[in-house]
Amino acid sequence: DQQVKQNSPSLSVQEGRISILNCDYTNSMFDYFLWYKKYPAEGPTFLISISSIKDKNEDGRFTVFLNKSAKHLSLHIVPSQPGDSAVYFCAASATSGTYKYIFGTGTRLKVLA
Amino acid sequence: ETGVTQSPTHLIKTRGQQVTLRCSSQSGHNTVSWYQQALGQGPQFIFQYYREEENGRGNFPPRFSGLQFPNYSSELNVNALELDDSALYLCASSLSHVQREAFFGQGTRLTVV
Chain A
1 DQQVKQNSPS LSVQEGRISI LNCDYTNSMF DYFLWYKKYP AEGPTFLISI
51 SSIKDKNEDG RFTVFLNKSA KHLSLHIVPS QPGDSAVYFC AASATSGTYK
101 YIFGTGTRLK VLA
Chain B
1 ETGVTQSPTH LIKTRGQQVT LRCSSQSGHN TVSWYQQALG QGPQFIFQYY
51 REEENGRGNF PPRFSGLQFP NYSSELNVNA LELDDSALYL CASSLSHVQR
101 EAFFGQGTRL TVV
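Just so you know, the sequences run in chain order A and B.
Just so we're aligned: the first sequence equals residues 1 to 113 in the working numbering.
Just so we're aligned: the second sequence equals residues 1 to 113 in the working numbering.
Treat the hints loosely; a few may be bogus.
To be verified - Per label pair, the in silico range of CB-to-CB distance: (1) GLY83(A) - ALA38(B): 22 to 30 Å; (2) MET29(A) - LEU39(B): 47 to 55 Å; (3) GLY40(B) - ARG17(A): 20 to 28 Å; (4) ASN67(A) - ILE12(B): 21 to 29 Å.
To be verified - SDA-like mimics (lysine to any residue), calculated; alpha carbons at most 25 Å apart, straight line: (5) LYS37(A) - SER86(B); (6) LYS13(B) - HIS97(B); (7) LYS37(A) - LYS13(B).
In case anyone wonders, no lab produced these hints; they're calculated from the structure.
Heads up, the beta-carbon is just placed ideally off N, CA and C, and yes, glycines get one too.
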């Protein structure tokens, strides 16, 4: 039972254009969402997060949008740069005694120069 | 301020053996979580330790066990290794067990042959 889904295994975008990475979830108890970026041979790096009380959070080139009714979130990267090429994981957590993350399977982004 | 560090970075073990993986949490962080990332999958939550006590466990058998020490460093022990235990093991630390963002180490790549 995959509670967090990233249906696009890969995405290629031209440098300077917008990258949009999508994530769907099924558990309505999730109230906090995060995006992590992972380069080969490194651990995931925290990118940006959003609480369920918001519908948008922005940090520089990165913006996360949350649509609670659709149980959908997306990460926008504008403008995309070659250094953004990595695997992006969406993660969700619910308020509980243990703030564990449920991860999606990741989307490999390739930004073409 | 040092980040999360894990050791060793790579390890090869034989089926049936036991293994211990180590994690030093980020300075000031008292909560450590362990995740297993199989090839092509997102990380899966194994368990979390907060102030030396287990604070939540994922769907992993009892042969996966852990410890947290007074300096908040942590160990993951796996007994009776199986081939399917081959994965990247990630440690993540957070400021407290109610902190929503966690920071990951680079991981330990375990291969069971």
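Hint-by-hint comparison with the structure:
1. GLY83(A) - ALA38(B): 22 to 30 Å: 27 Å, holds
2. MET29(A) - LEU39(B): 47 to 55 Å: 29 Å Cβ-Cβ, so the 47 to 55 Å window is violated.
3. GLY40(B) - ARG17(A): 20 to 28 Å: Since the Cβ atoms of GLY40(B) and ARG17(A) sit about 27 Å apart, the hinted range of 20 to 28 Å holds.
4. ASN67(A) - ILE12(B): 21 to 29 Å: Hint violated: Cβ distance 45 Å, outside 21 to 29 Å.
5. LYS37(A) - SER86(B): 22 Å, holds
6. LYS13(B) - HIS97(B): 32 Å, violated
7. LYS37(A) - LYS13(B): Given that 25 Å is the threshold and the Cα spacing comes to 29 Å, the pair is violated.
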